[in-house]
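**Student:** When you get a sec, could you build the whole thing from the sequences and use the hints?
There are 2 protein chains.
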Amino acid sequence: MDAKNVNRTSLKRLSNYKNVLYKLKALGFVKVFSDNLGDAIGVSAAQVRSDLSKFGITSGNKKGGYSIDELLDNVKETLGKDEIQKVIVVGCGKMGNAIMNYSGFPVEGMRIVAGFDTNPTMVSSNERIPIYCLDEMERIVSEEKVRVAIMTVPESAAAQVFDLVQRAGIKGVLNFAPLQLRSTETCLVNNINIALELESMFYMVKYSLTRPLS
Amino acid sequence: MDAKNVNRTSLKRLSNYKNVLYKLKALGFVKVFSDNLGDAIGVSAAQVRSDLSKFGITSGNKKGGYSIDELLDNVKETLGKDEIQKVIVVGCGKMGNAIMNYSGFPVEGMRIVAGFDTNPTMVSSNERIPIYCLDEMERIVSEEKVRVAIMTVPESAAAQVFDLVQRAGIKGVLNFAPLQLRSTETCLVNNINIALELESMFYMVKYSLTRPLS
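Residue numbers (my numbering), protein chains in the order written: chain A, 853 to 1066; chain E, 853 to 1066.
By construction, these hints were calculated from the structure, which means they are not laboratory data.
Mixed in with the good hints there might be a few duds.
[To be verified] Quick list of in silico lysine-lysine cross-link-like pairs, DSS-like style, CA-CA up to 27 Å:
no., chain 1, residue 1, chain 2, residue 2
1, E, K1058, A, K864
2, A, K864, E, K946
3, E, K1058, A, K997
**Tutor:** Structure follows, in structure tokens:
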């Protein structure tokens, strides 16, 4: 598999398959068919097989289905779930706090290890996750070997905080600040701009589109 | 322009251009070149021109640039900014609250008119936005002529709340619940799953990709 030839949509579907597999496993299932996986996330069985083979996952066959355990191992390995994936949250205002308390993270693997804020004593934190001052970021990131950060700072602070985050050694940022940040040579950025997402939705509703834009 | 042939990426760029145009206008600028717009959001000038012409916006030329006022009017009309865009937030927990207090919404046009929760008296609301019981949704949506909702409910409530939202007459949903909802014939869904976005980021960092996946 060439990781560069993977697109974001099929990568997200792979994460989705993984979540479905966990649920099926919890129900005691041992085998699953591509039709089932497709039904669960709303795509065709052919799409499921094409996605899996794109990631080099070829265990299982049309007739006998996939072994859930085996498929789960393969998907987890592809997604990097063999290691624990640590995240920091930079900016512990309402949005940062909501993310630190978000219940949608998978139970295993992914873990928010620290929050950072200009004024950590003012933050009403949940007790599970320690909150530090921004200037401790480099130390914590290095000690905890963190590579990914979620940025939830105000627009006015975003550019400056992005510098800090990169200097601390972070390689990937999920940015919720309304300022569009650009990936650098050492740090990838995925901007999640809620206002832009809403605007797209208004557009689709205005023109009565019957399916989401690709 | 055929609204269906527009893709999500160019639509988001259009929103981005609009934001840049507002900022330039605030600085007293009258004209702008496609190079400037491109630089501001990190794409080529040719991309800017192609995006604008895709949306049927052809005012302006390579040599003289675009009139900011005229371009802004065109972009706003395309995005449906001639009308006020009302939104409701369904689920007023930490995430819903963070969104109701989000500072990244554009000053004009977009407005959160109400929040809904199973237990509105328990919610610590900001005072600008009234919070109602779920069973008042149909009335408010109809009175306020709201067509778009943001769903920030727990995974366990998502499917049921999605039914309610549709019955209330909502045509587009931005879903933050970790349950992947599917668009129906009458209601479009855009799922924003923070865990999946993080997982994509881990993947990209793991394989040291140097630019975001398309």
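**Student:** Is the hinted pair K1058(E) and K864(A) satisfied, with a Cα-Cα distance of at most 27 Å?
**Tutor:** 15 Å, holds
**Student:** Hint check: K1058(E) vs K997(A), CA-CA at most 27 Å. Holds or violated?
**Tutor:** It holds: about 13 Å lies between the C-alpha atoms, which stays within 27 Å.
**Student:** Under the criterion that the straight-line Cα-Cα distance not exceed 27 Å, is the pair K864(A), K946(E) satisfied?
**Tutor:** 25 Å, holds
No hint from the list above goes unmet by this structure.
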